[in-house]
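Q: Heads up: the protein sequence lines correspond to chains A and B, in order. UniProt numbering applies: residue 1 is where the first sequence begins, and numbers increase by one. UniProt numbering applies: residue 1 is where the second sequence begins, and numbers increase by one.
Any given hint could be a false lead.
25 Å max Cα-Cα, derived DSS-like pairs, lysine-lysine [as the list claims (entries may be wrong)]:
1) B:K68 to A:K184
2) B:K61 to A:K70
3) A:K370 to B:K61
4) B:K75 to A:K191
5) A:K393 to B:K61
6) B:K49 to A:K74
7) B:K235 to B:K181
8) B:K181 to A:K191
9) B:K223 to A:K191
10) A:K393 to B:K103
11) A:K47 to B:K299
12) A:K184 to B:K10
13) B:K223 to A:K393
14) B:K10 to A:K191
Hints are computed from structural coordinates only; laboratory data are not their basis.
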Amino acid sequence: MGIKILTEHIGKEDLKPIDAYMKYGGYTAVKKALTSMSPDAIVEEVKKSGLRGRGGAGFPTGMKWSFLAKPEGKPRYLVCNADESEPGTFKDRYLMMHSPHTLIEGMIVSSFALGANTSYIYVRGEMMFVIRILEKAIAEAYAKGLLGKNILGSGYNLDLYVHPGGGAYICGEETALLESLEGKRGNPRNKPPFPAVSGLYACPTVVNNVESIAATSWIINNGGDEYAKIGIGKSTGTKLISACGNINNPGVYEIELGLSVEEFLYSDQYCGGIANGKKLKALVAGGSSVPILPAHLITKTANGESRLMSYESLSDGGFATGTMLGSGGFIVFDEDQCIVRNTWNFTRFYHHESCGQCSPCREGTGWMEKVLHRIEHGHGHMHDIDLLVDVAKKIEGNTICPLGDAAAWPVGSAIRHFRDEFEWHIKNPSEATRKGAVYRKEAVFA
Amino acid sequence: MENTAPQLFKVTIDNIEVEVAPGTTILQAARQIGHHVAPPAMCYYTSLKGTGGKCRACLVKVTAGSAKDPRPMPKLVPSCITTVQDGMIVENTVNEQVLETRKGVVEFLLINHPLDCPICDQAGECHLQDFAFEHGRGTQRYEEERRTFEREDIGPYIQLHMNRCILCYRCVFTADQLTNKRVHGVLNRGDHAEISTYISKAIDNDFSGNMIDVCPVGALTDKTFRFKQRVWFTKPVTAHRDCEHEKCSGKVTLWYKGEDVLRVTGRKNEWGEVTEFICNTCRFDKKKTSDWVIEGPAKVSHHSVISANHYEKKAIPEFGFKQAAQQYKQIDDLPVQLPEGEKKPVGIVVRPDSK
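Bound conformation, chain A alone:
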């Protein structure tokens, strides 16, 4: 059983009331940080911890903080990105729903470290129940003197606001989030300048994921070195994984990075194996935007080593044999799942959510969706497969924000690993469109 940092006390009792949270040692990190540490010392601890951004990109959090421009008469801001909305990813919502004070405590510590006196939690607008939980928790923190003026007599002031998002997936991209927070249309900005230089209201801003911010409290209480001992290599600490698809125990799990994929997938403690005793066909390890892995690459890397739940092991060999840990959306496909249909489904999402600013993403996502729709519905041509690969290549890396990549990678990887299934759909339209029909090839199952 691995160590738990964020979810240790969840389930023992309702942690939403502040008193219950404090009973388990809540807000001790705030007290320690504000009364005995300097902001630079906190940044150093986070750097030492090796904590990497849990939103998907995996950029070192401490390094990101150290990029924040020095104040020149301008305020600095911390913005928590709680706009979680990628298919298959639902870990932040779980944490905020069950233990809102874990996030708020992390926000106070992180804001102090960054010298921010106003911070925001940008929550997806559809998650009104989470917004209400957070607002209530923030009011409790104000009442306890943990937010507002002169927190715990330290002289540090912090105002924390919950901001309902615009209801668009693109608003989870950090610069689009900032635009939306400023009250504008949620379109991504061109970078540079990066938010660390010119972010919210053109001031230095750090945008972090819920899970990253929540982890800082533990780091302050226990030290960055202790955190770095957890996990494996450059993938330190624990990670929330939202597991779904054809598994026996779907849900959110906190795992120590470095756990083997096999154990996570088959152990009763976690996913509990493939549902209904079926065979494993494919896996998306980090949310719908990362490349899909076929069965033979799920538990073993290209070198034959055991595949681990870590940034490095999952990305082994690049996209040809690997994928990404991403946001930790673990989606499992059994033998009865149609890869073409699922790829179309993912692409439909990205087509719908593209902001429309840059031409490759605006037009390309729609084009891919229409071609995949045709193939799935028995009207495809063999040249459509290469067309999809080419369109995905034309989008990848050429867009303002990573949404274009997120749309292109699933398509490219699905064709790379399951080309015969696409060909089968095209060659056998009447069979492929029959309800429940699915392409089966023994070699691809594990």
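We have chain A; now place chain B onto it with these hints.
A: Chain B alone, transformed into the frame defined by chain A:
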């Protein structure tokens, strides 16, 4: 005496070195060299703040970031918003990846832009037409249904035909920066996005006509000129008047057919951009020769069809062509032979003050 002149950055674009002021973008540096290396731009507009970076037509490869850090940039970068560094090396027309990507951008833009040039009022002046001709592929692979819209009058002077819109946002920036009663913008998202006005509002601002000038395609057209004449049958003449509107430059191009002024537009520079905007009174209400002080025949932009067959002596030295020839693989696969004793050319230096 201390030299107070600002330090210039040396940038190499397609093997041609140019010295530019810090803060200059790659696109502007390339424009200083000339048309033959300047990347195309569909959304960027020099005189409008915040434009650029959207259409991705101007993507270039930076093979060396700077003299201090010569690592290449991992992705293609939009040249219109990426500023130069000293010692930066950029590949535009000589990079296969750039050309291939650009081909893709043309294809994407033409998905929802009909090739109805024969009936479009922008024919002959359309930047997308030039872009597709210079960088596109000969065939279209898109087989699905295109989106279609009804034509819409969005004010007394402007007709919007969304079918042709490539969502460059130029008109939105124009309205935002030149007018004080902005009532239009982009609705929806993705390929459902469209330019429209706020719930049945009409665009009636004094400077709204400039939205027509900045539109690179035929999506926003001048209702007073629509279908009056093809642009290549008109004669552009430069003129000015002392306009009472404080923000109006009064500097225009009059488009004549015989004795009649059919259209008045802002003056565009060689990159097809208006640098001094004009008011609606000058544009729509002053269509008599007597309203204007005529300066002479207009210098026609290379974008305009009127410039066809008007040859100008190339400013590129002879060795520049030889160098270009070396960059490309010959059809018969024979290496290019330089005359005996001639050294390999190293490029030319263009300085801001050189002509």
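Q: Determine for every hint whether it applies to the structure shown.
A: For each hint, the structure was consulted:
1. B:K68 to A:K184: violated (38 Å)
2. B:K61 to A:K70: violated (32 Å)
3. A:K370 to B:K61: violated (31 Å)
4. B:K75 to A:K191: holds (13 Å)
5. A:K393 to B:K61: With Cα atoms ~16 Å apart, K393 (chain A) and K61 (chain B) stay inside 25 Å; holds.
6. B:K49 to A:K74: holds (23 Å)
7. B:K235 to B:K181: violated (34 Å)
8. B:K181 to A:K191: violated (30 Å)
9. B:K223 to A:K191: violated (38 Å)
10. A:K393 to B:K103: This hinted pair holds, its Cα atoms lying about 12 Å apart.
11. A:K47 to B:K299: violated (60 Å)
12. A:K184 to B:K10: Status violated; Cα separation ~38 Å.
13. B:K223 to A:K393: violated (41 Å)
14. B:K10 to A:K191: Holds, because 23 Å separates the two Cα atoms, which is no more than 25 Å.
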